[in-house]
Amino acid sequence: MAKVYLIGKDAVPGRISLGKGELLDMVLVALPGVSADIGLEVDLDGENAELNLYGLYLCPNEERLNINVKVAHNVGRCTSRQLFKGIVGGRSRTGFYGLIYVAKDAQQTKAYQENHNLQLSEEAKVETRPQLEIYADDVECSHGATVGKLDEQEQFYMRSRGIPEDKARELQMISFISSVAAQVEDETLREKIYDSLSEC
Amino acid sequence: MSEVLLEIKGLHAEVEGKEILKGVDLAIRRGEVHAVMGPNGAGKSTLSAVLTGRPDYTVTAGSVTFAGRDLLTMSPEERSWAGLFLSFQYPIEIPGVSITNFMKAAINARRKAAGQEEMKPAEFLKLMKEKMAFVQMKGEFAKREVNVGFSGGEKKRNEIFQMAMLDPTLAILDETDSGLDVDALKIVAQGVNDLRSPEKAAIIVTHYQKLLEYVVPDVVHVLKEGRIVRTGGRELVDIIEKEGFEKIDG
Ligand SMILES: Nc1ncnc2c1ncn2[C@@H]1O[C@H](COP(=O)(O)OP(=O)(O)O)[C@@H](O)[C@H]1O
Ligand SMILES: [Mg+2]
Chain A
1 MAKVYLIGKD AVPGRISLGK GELLDMVLVA LPGVSADIGL EVDLDGENAE
51 LNLYGLYLCP NEERLNINVK VAHNVGRCTS RQLFKGIVGG RSRTGFYGLI
101 YVAKDAQQTK AYQENHNLQL SEEAKVETRP QLEIYADDVE CSHGATVGKL
151 DEQEQFYMRS RGIPEDKARE LQMISFISSV AAQVEDETLR EKIYDSLSEC
Chain B
1 MSEVLLEIKG LHAEVEGKEI LKGVDLAIRR GEVHAVMGPN GAGKSTLSAV
51 LTGRPDYTVT AGSVTFAGRD LLTMSPEERS WAGLFLSFQY PIEIPGVSIT
101 NFMKAAINAR RKAAGQEEMK PAEFLKLMKE KMAFVQMKGE FAKREVNVGF
151 SGGEKKRNEI FQMAMLDPTL AILDETDSGL DVDALKIVAQ GVNDLRSPEK
201 AAIIVTHYQK LLEYVVPDVV HVLKEGRIVR TGGRELVDII EKEGFEKIDG
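As they're listed, the protein sequences go chains A and B. The letter at position 197 of the first sequence is residue 197 when you use the numbering used here, and the numbering goes up by one with no holes. The letter at position 117 of the second sequence is residue 117 when you use the numbering used here, and the numbering goes up by one with no holes.
Just chain A, same shape as in the assembly (with noise of 0.2 Å):
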C-alpha cells in the first residue's frame, strides 16, 4: 500500500534508503493553500530495489511550492519509476527539480519520470527541470516534462452534452489528476483531493 504524506502536514523523510529487493510505494500530495520546500532523496543501495513516487500538486492562488526530487541508483538492477503533476493558477509559483542519477556500476538499471502541469492562468509560474545523469551504460531511463492548458476540444464534447463550463473544467481536472489520485488508496482521503478541485 503505498504510504501517503500530506505536503504542510506530514513530515516528509529527507532521505530514505532503500536496500536489497525493498520496495517502495510513496504518494507526496500538496493541497491548495499549501506553500513549502521539499527536499526528498531516494537511494537505491541494494539489489533488485523498487521505488514508485507518485505527487500531486494544486496550487491555485498564491501557493509557492518547489519540490526536489533526487533519485540515486547507486547499485545495479533496481527500477525506479516517478509520476508528478501539478496545477496551478493564480498567482501561485511551482517548481519541479527532479534528479536521476544513476553510478557508474548500477547496470541494468531502469528509471523513468514525468512531470505534468496543467496551468490554469497566464500569471502563474511553472517551472519544470528533469535532469538525468547517467555514468552506466546498460540502463533504461525516459524523462518527460510538459506544462499545458486544459483541452478546448475535450472542453466543448463535454459541454456538448449538456455539462456545463465550470462542471467541464473540474471533469478536465480530476481527468489529469486521476492517474496519481488513483494511488492514494484511502477513499476519504481520495475524495478530498477530487473535491479540492472545486478550488481550482
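One or more hints might be untrue.
To be verified - From chain B, some residues computed to sit far from chain A (all C-beta separations above 12 Å):
#1 Ile-28
#2 Ile-107
#3 Lys-186
#4 Arg-230
#5 Leu-236
To be verified - Per the computed footprint, the stretches of chain B lying under chain A, defined by three or more beta-carbons under 8 Å from a beta-carbon of chain A, are:
#6 69-79
#7 82-91
#8 94-102
#9 198-204
The hints are simulated quantities; they were obtained by calculation from the structure and are not laboratory data. Don't be surprised by glycine CBs; every beta carbon is placed ideally from N, CA and C.
Based on the hints, put chain B with the ligands in the right spot on chain A.
Positioned in the frame of chain A, the structure of chain B with the ligands alone reads:
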C-alpha cells in the same frame, strides 16, 4: 405541414480567419430526417460545429433559429439542454472519467438547468442498462474511461449510446457511419430510427450512401464549398452514387 424546428438563414462562418461556410440556408421540420452530403472539405463538420457552438468557429453572418430560439446566442451546454445533440466525427477521449460519471454529470446538469432534482441512482442505473443494451455494450462499458482504448466502431456506438441517453429533439450525426461494419451500422441506424417521432428531427452528415439505406431521409442536401448546391428527395442519393459529387451543382 409540421412546424419548422431548425431554420438556418444565410449562414457564414469562419475558422482561423478562413471562411468555410459561405451562405447556408436550410429548414428542417419536426418529424423529418435530412441528409447532408458532400465531398471532403465541403464544410459539413464546420456546419455541425457551428450549430453546436464550438468556440473556435466564428459566425460572421446569418441566423439560426432552433425551436423558436436564437441558437447562436446560446452556449454549447444551453443548446444541449434545449435538445440539440451532435454525434462527433472524431469523439474525444477523456482518461480517468468513466462513462457512468460522464453521463451522470450530463444528465444531472440538464435536470438542474430545468429546475429538477438529480436523477435517483437506481433510475439512472436502469436507464444506463437499457441504453447500453440498445447499442449492444456489455456491463463493463459503464466503468470504462470515455473513449479511451475504444475501437473506431466502439467510439461511434458510444456516441449513439449518449444520444439515446440524452434523447435529443434534433440529433446531428457527423459521419457516424464511416469506418463501421454492417452490424455497427445497423445499431447506428436503429438509434436514429428509434428517435424518429413527429416532434423530433435528425441531420445525417455523410459522404457515403450506405447508412441512408437503413435510415431513409426525407430530404437530401448537397453541400459543396460551403454552400448547399442542391436539395432534393432520396433520389438524390442514387444520383450521387452514380455520378459522384463533381457534376452536382445548383
Ligand atoms: N479547426 C480548423 N482549423 C483550420 N481549418 C479548418 C478547421 N476545421 C476545418 N477546417 C477547414 O475547413 C474546411 C472544411 O472542413 P470540414 O468542415 O471539416 O469539412 P467536411 O466535414 O465537409 O469534410 C476544410 O478546408 C478544412 O481544412
Ligand atoms: Mg467532416
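Here is what the structure says about each hint:
{"no.": "1", "hint": "Ile-28", "verdict": "holds (19 Å)"}
{"no.": "2", "hint": "Ile-107", "verdict": "violated (8 Å)"}
{"no.": "3", "hint": "Lys-186", "verdict": "holds (24 Å)"}
{"no.": "4", "hint": "Arg-230", "verdict": "holds (29 Å)"}
{"no.": "5", "hint": "Leu-236", "verdict": "holds (29 Å)"}
{"no.": "6", "hint": "69-79", "verdict": "holds (count 4)"}
{"no.": "7", "hint": "82-91", "verdict": "holds (count 4)"}
{"no.": "8", "hint": "94-102", "verdict": "holds (count 6)"}
{"no.": "9", "hint": "198-204", "verdict": "violated (count 0)"}
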